[in-house]
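Enquirer: Protein chains in written order, with the numbering used here: chain C, 1 to 112; chain R, 1 to 112; chain H, 1 to 112; chain S, 1 to 474; chain L, 1 to 474; chain U, 1 to 474.
Don't read these hints as lab results, they were simulated from the structure.
Honestly, I wouldn't trust all of these hints.
Stated by the list, open to error - EDC-like, lysine to aspartate or glutamate: derived pairs with alpha carbons at most 20 Å apart:
#1 R:34 with C:50
#2 R:23 with R:67
#3 R:23 with H:54
#4 C:52 with L:456
#5 L:248 with C:14
#6 U:420 with U:445
#7 U:367 with U:456
#8 U:248 with U:408
#9 C:34 with H:32
#10 C:3 with H:95
#11 S:83 with C:32
#12 S:136 with L:408
#13 R:2 with H:95
#14 U:319 with L:456
#15 L:136 with U:373
#16 R:2 with R:75
#17 H:34 with R:15
#18 L:319 with S:216
As the list claims (entries may be wrong) - Example chain U residues on the side facing chain L (calculated, C-beta under 8 Å, incomplete):
#19 292
#20 303
#21 321
#22 449
Please read all numbers here as calculations on a predicted model, not as lab measurements.
Note that beta-carbon positions come from the ideal geometry of N, C-alpha and C, so glycine has one too.
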Amino acid sequence: MKKVEAIVRIFKLEDVKNALSAKGIHGMTITDVKGFGRQKGHTEMYRGTEYKVEFVPKVKIEVAVPDESLQLVLDTIMRTAQTGQIGDGKIFVSDLNNTIRIRTGETGEQAI
Amino acid sequence: MKKVEAIVRIFKLEDVKNALSAKGIHGMTITDVKGFGRQKGHTEMYRGTEYKVEFVPKVKIEVAVPDESLQLVLDTIMRTAQTGQIGDGKIFVSDLNNTIRIRTGETGEQAI
Amino acid sequence: MKKVEAIVRIFKLEDVKNALSAKGIHGMTITDVKGFGRQKGHTEMYRGTEYKVEFVPKVKIEVAVPDESLQLVLDTIMRTAQTGQIGDGKIFVSDLNNTIRIRTGETGEQAI
Amino acid sequence: MSGKRLLAAAVCAWAILGLTSHAARAQDEPKPAAAPADVEAAPADEGPKLDRGNNAWMLTSSALVLMMTAPGLAMFYGGLVRKKNVLGVIMQCFFLMGLMTVIWGLWGYSLSFGGTKPWIGNADYLFMNGVQSEWKDGAPYVPMYPTGIPMLTHMVFQGMFFIITPALIVGAFAERMKFSTMVVFMILWGTFVYCPIAHWVWGGGILAYGTENAKEYGMGGALDFAGGTVVHISSGVSALVCALLIGKRLGYGTEPMPPHNLTYTAVGAALLWVGWFGFNAGSALAADGVAASAFVATHFSAAAGALTWAGLEWVIRRKPTVLGAASGAVAGLVCITPASGYVTPMPALILGVAAGVFCYFACTSLKSAFGYDDSLDAFGVHGIGGTVGALLTGVFATRAVQDLNGGDPLGLYEGGTLLKGQIVATIATWILAAAVTFVILKVLDLTMGLRVATQDELQGLDLTQHGEEGYIFM
Amino acid sequence: MSGKRLLAAAVCAWAILGLTSHAARAQDEPKPAAAPADVEAAPADEGPKLDRGNNAWMLTSSALVLMMTAPGLAMFYGGLVRKKNVLGVIMQCFFLMGLMTVIWGLWGYSLSFGGTKPWIGNADYLFMNGVQSEWKDGAPYVPMYPTGIPMLTHMVFQGMFFIITPALIVGAFAERMKFSTMVVFMILWGTFVYCPIAHWVWGGGILAYGTENAKEYGMGGALDFAGGTVVHISSGVSALVCALLIGKRLGYGTEPMPPHNLTYTAVGAALLWVGWFGFNAGSALAADGVAASAFVATHFSAAAGALTWAGLEWVIRRKPTVLGAASGAVAGLVCITPASGYVTPMPALILGVAAGVFCYFACTSLKSAFGYDDSLDAFGVHGIGGTVGALLTGVFATRAVQDLNGGDPLGLYEGGTLLKGQIVATIATWILAAAVTFVILKVLDLTMGLRVATQDELQGLDLTQHGEEGYIFM
Amino acid sequence: MSGKRLLAAAVCAWAILGLTSHAARAQDEPKPAAAPADVEAAPADEGPKLDRGNNAWMLTSSALVLMMTAPGLAMFYGGLVRKKNVLGVIMQCFFLMGLMTVIWGLWGYSLSFGGTKPWIGNADYLFMNGVQSEWKDGAPYVPMYPTGIPMLTHMVFQGMFFIITPALIVGAFAERMKFSTMVVFMILWGTFVYCPIAHWVWGGGILAYGTENAKEYGMGGALDFAGGTVVHISSGVSALVCALLIGKRLGYGTEPMPPHNLTYTAVGAALLWVGWFGFNAGSALAADGVAASAFVATHFSAAAGALTWAGLEWVIRRKPTVLGAASGAVAGLVCITPASGYVTPMPALILGVAAGVFCYFACTSLKSAFGYDDSLDAFGVHGIGGTVGALLTGVFATRAVQDLNGGDPLGLYEGGTLLKGQIVATIATWILAAAVTFVILKVLDLTMGLRVATQDELQGLDLTQHGEEGYIFM
Ligand SMILES: Nc1ncnc2c1ncn2[C@@H]1O[C@H](COP(=O)(O)OP(=O)(O)O)[C@@H](O)[C@H]1O
Ligand SMILES: Nc1ncnc2c1ncn2[C@@H]1O[C@H](COP(=O)(O)OP(=O)(O)O)[C@@H](O)[C@H]1O
Ligand SMILES: Nc1ncnc2c1ncn2[C@@H]1O[C@H](COP(=O)(O)OP(=O)(O)O)[C@@H](O)[C@H]1O
């Protein structure tokens with residue numbers, strides 16, 4: 001099993017989620033995060049003086065997937081989260097030793 | 001070392017935390033997350049029209065554990081987080097190459 | 001590639017970020033988390049009665065790094081996040097199978 | 001346990017009181033309650049003439065008292081619950097603004113202020129008859145109240161009290177009561193608890209100071225300037241009964257249930273303080289010297305209450321809290337309510353201090369001793385504060401502010417005998433409120449059920465009762 | 001589509017009305033509007049004398065009406081948008097408090113209340129001449145209004161209406177309008193929509209009840225106590241035109257756009273309720289029996305509206321919501337506005353119920369049927385509620401509250417003929433508001449552009465228009 | 001640095017002024033300050049008679065001014081700090097409502113308004129003697145103020161100023177001051193800074209326009225209608241001294257310290273605007289033409305200030321901000337305060353513009369030039385705005401609003417000589433406020449310490465000073 005962590009733009013979350021479930025991926029976990037990278041944040045004003053806000057709000061989408069559907073998931077996210085502008089985000093892939101469904105105790109791929 | 005990530009119901013956090021520290025696990029990190037899965041969210045109303053909210057608030061509990069106490073941790077979480085209803089959540093297990101305690105610079109298992 | 005996850009004190013975030021980018025690490029993702037560990041939280045009051053809050057607000061800094069710059073990143077974080085007081089936090093290191101830049105589709109180290 | 005016993009006592013006492021009353025009804029109707037201090041002489045045939053200054057102040061006061069319920073109380077209470085229940089509490093306050101207003105217009109005002117029978121009002125003012133303007137011998141005719149304000153002004157001002165009093169009870173069963181049951185409960189409570197007590201004390205009934213009725217059944221009656229008995233004891237005691245009958249919140253005592261937004265609570269307390277000027281100084285029903293005196297007493301008592309509660313925390317826990325200062329201010333406001341139009345400024349400071357001390361320990365020691373879950377301390381602040389205030393009114397009321405006893409002294413402090421009437425009124429209010437609330441709740445428990453399902457309580461009232469979330473910040 | 005047709009109709013109708021008007025202008029000036037019911041007789045040479053009670057109430061009312069725009073409306077609307085646009089909405093409300101005030105002082109008051117020409121005011125009061133105090137034969141001279149309040153008081157009270165009316169429109173184009181364009185739009189809208197209508201109805205113009213002008217062009221004119229036509233129909237109809245011309249928000253219909261902070265919305269609604277007492281009862285321009293009656297009607301209608309809307313949800317969706325109760329209260333307040341000083345309490349309850357029903361379906365069925373994106377239902381609540389209220393005023397207005405027709409009945413219900421004048425006024429207001437707003441927006445669309453860039457809309461107005469964030473909680 | 005020099009200068013100047021005063025004391029007591037413009041003739045033996053219209057307005061105004069401190073200022077300031085300090089700021093405002101009220105009742109009012117000695121009040125009114133109602137020859141006796149309001153009303157209205165003035169200073173040392181030290185500081189500041197200045201200007205002291213005292217020491221005295229010197233200069237200058245002595249916040253200048261909740265700040269500003277009507281128009285101490293004029297001037301200046309500040313940002317930074325509009329409105333309100341009862345509407349617009357310009361640059365250029373950390377710009381807005389207002393009062397005050405100079409002109413603009421008195425009053429206030437605040441803080445620094453521990457400052461005042469968190473949203 002693999003764990004896919006995608007950092008994407010907030011307003012893309014809805015699309016990515018729909019695309020994934022359309023592809024039969026019915027579980028994921030979302031986290032609000034702040035990103036720092038090439039995309040350079042913005043300036044805000046405070047009583048006539050400006051200051052830079054370097055962190056950009058993003059969302060992290062975590063999906064545990066069986067190895068065979070990894071590529072499908074990556075492609076789907078790529079396609080739906082892309083705008084071509086700097087700041088589209090990243091996808092990180094890592095190994096999962098095991099997954100357990102708390103409700104049933106099932107483990108491994110059927111727990112996903 | 002292993003990293004255990006458990007996605008559980010918000011109101012179970014207190015129990016899980018207490019159970020783990022009762023078992024001698026004295027460190028963990030908690031994140032507010034939103035879950036998407038079999039548990040189907042709920043509908044909300046806005047001026048007499050309804051809309052579905054598909055994301056369910058959950059908490060993620062991250063615990064770094066020495067290999068020998070992995071099973072103990074998994075069992076403890078399973079037991080305390082379970083309600084038997086859809087939406088109890090998942091536990092993900094992955095490898096950790098190293099852990100460092102920032103305060104002391106200790107590494108490996110004694111850093112946990 | 002490695003993934004570095006550092007749990008640090010909130011008011012250290014600014015320093016760590018600056019130190020890292022000074023060292024040429026130009027990307028990272030930040031998450032608000034709550035920590036539980038040796039540092040024992042604090043007591044709050046409610047109408048003259050006290051209760052303990054065991055979770056301490058922290059931030060998690062996630063950085064994907066090429067293997068060769070791993071040590072640099074760890075040292076930088078260690079140095080800038082340390083106060084010597086209990087509660088400085090932890091650094092977790094794990095393997096990354098792959099990284100993809102959504103905007104371009106680049107993979108591996110050049111996606112970082 | 002203790003709660004049960006208390007209630008048993010209440011019911012018996014009530015039965016007795018009830019019997020005497022029947023005997024009493026034989027008596028002939030007592031004459032109207034003495035008109036307020038500053039009635040203006042006016043030709044017998046046309047009634048009092050309009051005083052625009054008084055009317056301006058009373059309309060303002062009415063607006064201020066509505067503001068007390070929402071945003072005031074809604075924010076004060078809303079901030080104290082957990083995030084998942086914030087709308088539940090706000091909704092109860094807001095919905096009551098609509099519900100109680102309609103009841104008041106249809107029958108509440110009439111049951112409270114119609115006629116001067118000893119036990120309850122009459123049907124004179126049903127549906128606003130005799131209150132609203134009429135077309136009379138070729139011109140609009142505006143029924144007037146003795147202080148030179150239209151009766152409509154008096155009605156709407158009193159109507160605002162009919163809103164906030166039940167809203168105060170909400171604090172006791174917050175985070176677990178079924179909305180539908182709450183609605184039915186409040187209709188019954190307003191009709192069978194509030195209206196009778198309002199009539200007893202303000203409508204010329206058995207506790208109205210100096211009336212025949214009071215001489216008959218109330219040992220001379222009590223002074224309650226703005227609602228120590230009618231508003232605070234009645235709601236506070238009923239709140240306690242609610243807390244006892246509905247039971248504790250899930251996890252109460254085992255997990256912390258911290259206020260989710262103390263900034264709201266502080267803002268709400270400040271709005272209550274501001275609105276209370278309308279509540280108390282408005283109860284003079286005129287913009288006169290008594291109103292000014294009540295305004296000052298109110299302000300001083302709130303100030304002393306805030307300092308006292310925060311000060312106690314500072315001494316005992318070594319930290320003064322925002323919630324402490326806010327709670328103390330409210331306690332001071334509650335305590336001065338019955339006394340505000342009868343005491344001078346320095347005694348007002350004393351009442352504020354007393355409120356801070358008694359309510360502080362009621363919300364800490366007392367509550368933990370008996371272990372009931374009065375979620376937001378509606379009893380601890382309003383029940384206790386109102387009782388302390390009603391009794392201290394009997395001590396500090398002075399003819400120097402209002403001469404209501406033919407030149408003779410009023411309060412104990414100046415050698416008067418008012419106190420016994422205050423004690424009677426306090427006990428009678430405790431009994432009626434406790435007994436009737438108990439009966440209503442028991443009936444509703446058996447018919448509709450008082451409490452939401454466990455799952456719903458865990459998920460929160462906002463989503464399960466109202467299908468909404470308080471904050472969506474993503 | 002439908003929007004376009006409606007507007008076409010409007011423009012034609014307007015042209016026609018316009019012509020008749022030209023013909024009409026030949027007529028000689030009608031005499032001043034009948035002074036309010038309670039003018040006080042005063043020596044011809046010195047004008048009405050100061051009534052401090054009336055002035056106290058009117059100053060209070062002016063403060064209350066400002067409070068309606070902010071924090072009232074700012075929180076009500078601010079809570080309903082998504083987090084990224086909360087400051088955008090608050091800013092529009094707050095900025096308008098400054099902008100419209102300056103316009104009102106420079107020319108708005110004069111165009112609305114100067115002289116009694118049929119179509120528009122005159123230049124008498126430009127820059128506050130004839131309104132402010134002057135040094136006259138060796139002493140300060142304070143121009144007075146017939147009800148015994150300084151004209152400055154009348155001016156500032158009316159000026160608060162000039163603020164909130166455009167602010168209501170903000171709800172229609174929330175979350176997507178360019179700030180700069182909004183500023184220019186409001187300057188033009190206030191001058192060319194609000195001022196004429198205010199003059200027609202309140203300034204002795206073509207719709208002012210009982211005036212020569214009204215007999216001439218307005219079929220006797222209409223009664224609009226506090227702004228059913230001037231405030232609510234004008235803003236509500238203009239809001240619809242805005243929603244149609246600026247188009248839907250990105251993602252409207254496909255993704256949910258839930259209110260980000262319903263606690264603000266509830267608090268805002270409560271503040272609107274409180275402030276509305278100044279708005280309606282203050283429109284008596286005196287602290288008299290009419291003010292008291294208007295106060296009560298306002299309160300009762302709000303209550304009935306809240307219960308009705310929440311009740312409908314309860315029946316239809318099985319859950320009463322906070323937003324429903326809040327929206328219903330506002331609908332009730334809107335609907336009673338034109339009637340408040342003319343109806344008795346029970347009809348006020350009826351208006352509240354009607355408001356709840358009509359506005360509920362306007363915000364649900366009607367809006368989804370036509371598919372326009374009136375973001376915060378400015379049309380659904382103010383346009384519909386105002387229209388229903390204006391018409392029902394013609395049904396329930398009664399001489400029992402104000403005898404404005406020489407002892408003859410007013411509303412249909414008591415056998416009067418007021419209704420036709422109300423219908424005329426309603427139609428005229430719909431046409432003027434729709435037509436002029438349409439023209440202004442078209443011009444601005446071609447010159448400045450109405451809408452922010454797509455990127456900016458996605459990121460939110462707070463950051464892109466104002467360089468700020470509403471909440472920084474990290 | 002610069003701060004030190006300024007203070008040195010202050011102290012010397014003060015010493016000198018002090019000496020002259022001693023010499024002066026030899027003189028015989030000046031006679032009472034001229035009673036306000038609209039005293040009503042009343043039989044010598046019984047004093048002025050109650051005017052219910054005036055009293056209604058003054059009670060309302062008192063409530064409005066309390067609302068300015070909380071929720072008004074508490075939300076305005078609370079929103080501007082970081083989340084971890086929001087309760088710290090709210091607590092300081094709320095606690096001061098209690099603390100200053102008690103001090104005012106015990107000795108503050110007497111030191112400010114007792115007698116008409118040149119430098120300070122007397123003991124006549126200690127503990128409310130001679131202010132409260134008394135039992136006098138067989139009836140309650142209510143001491144009256146010349147404008148026909150009870151002295152209790154005057155006392156409580158002025159008492160609200162005694163609350164908000166110190167609360168304004170809180171903005172200067174926000175996010176770092178020890179709560180215990182703040183409490184002691186405010187007790188001393190209120191007694192030794194506020195009371196003397198209030199007596200000088202309003203209590204018939206050395207700066208009270210037209211009094212013997214003023215002729216003696218104050219070059220004829222100054223006009224300060226609602227507190228340009230007493231409230232804004234005194235608090236603003238003291239705020240600067242606080243900022244200089246307590247030092248910068250940790251990380252100031254290196255890391256951004258953005259407002260954590262601008263929605264609160266906007267709501268707070270709106271509440272300040274609304275409450276300011278009570279503050280300024282209430283300072284007429286009557287519901288007369290002067291009150292109406294002051295109300296309008298206040299409203300117009302706030303509007304002009306909001307547009308000016310936001311406009312400057314728009315031009316300079318290309319984005320108008322909510323904080324800018326809010327700050328500008330407050331600046332306009334501050335600036336018009338001393339002038340409000342003396343100027344006509346158009347000059348009020350000018351004062352608003354001036355306030356916007358001067359305060360904008362004080363909060364940007366000036367502050368960054370000197371590098372002090374006046375956290376929430378208490379000096380930049382109140383010190384600067386108050387000074388500009390006090391001086392412009394000398395320019396635009398006109399007999400057309402109040403004839404205070406026997407028919408002769410007042411302000412420079414109409415050819416009067418008022419300006420010099422305004423300059424003297426401004427300087428005297430700067431000196432007293434700066435010097436006494438400096439001394440008090442130095443003493444407290446050595447005894448209690450001004451600042452919380454570094455660890456506590458990092459963790460935030462909410463948890464470390466009060467053991468609470470503002471928001472618990474999990
Ligand atoms: N090395 C990294 N480790 C972790 N997260 C990263 C890293 N680099 C970028 N990110 C995340 O990806 C987001 C987008 O990256 P950025 O460089 O801004 O644009 P792009 O993905 O187009 O290169 C960042 O906001 C950050 O959240
Ligand atoms: N494939 C997945 N990857 C990541 N998180 C998942 C995945 N599937 C489920 N989850 C998380 O687990 C939670 C519970 O899963 P759900 O399917 O709703 O119930 P159950 O665990 O009983 O099957 C979800 O809300 C989501 O947060
Ligand atoms: N076993 C663990 N797994 C995950 N996170 C941990 C673990 N132990 C500690 N942490 C995180 O590290 C933070 C600091 O740890 P703590 O024991 O309080 O101090 P120190 O790092 O100085 O030993 C905790 O607040 C928690 O967020």
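Enquirer: Decide, hint by hint, whether the structure agrees.
Expert: A quick look at each hint next to the structure:
no. : hint             : in the structure
1   : R:34 with C:50   : 34 Å, violated
2   : R:23 with R:67   : 15 Å, holds
3   : R:23 with H:54   : 17 Å, holds
4   : C:52 with L:456  : 18 Å, holds
5   : L:248 with C:14  : 19 Å, holds
6   : U:420 with U:445 : 37 Å, violated
7   : U:367 with U:456 : 26 Å, violated
8   : U:248 with U:408 : 49 Å, violated
9   : C:34 with H:32   : 9 Å, holds
10  : C:3 with H:95    : 11 Å, holds
11  : S:83 with C:32   : 19 Å, holds
12  : S:136 with L:408 : 13 Å, holds
13  : R:2 with H:95    : 12 Å, holds
14  : U:319 with L:456 : 14 Å, holds
15  : L:136 with U:373 : 50 Å, violated
16  : R:2 with R:75    : 15 Å, holds
17  : H:34 with R:15   : 16 Å, holds
18  : L:319 with S:216 : 50 Å, violated
19  : 292              : 4 Å, holds
20  : 303              : 4 Å, holds
21  : 321              : 5 Å, holds
22  : 449              : 30 Å, violated
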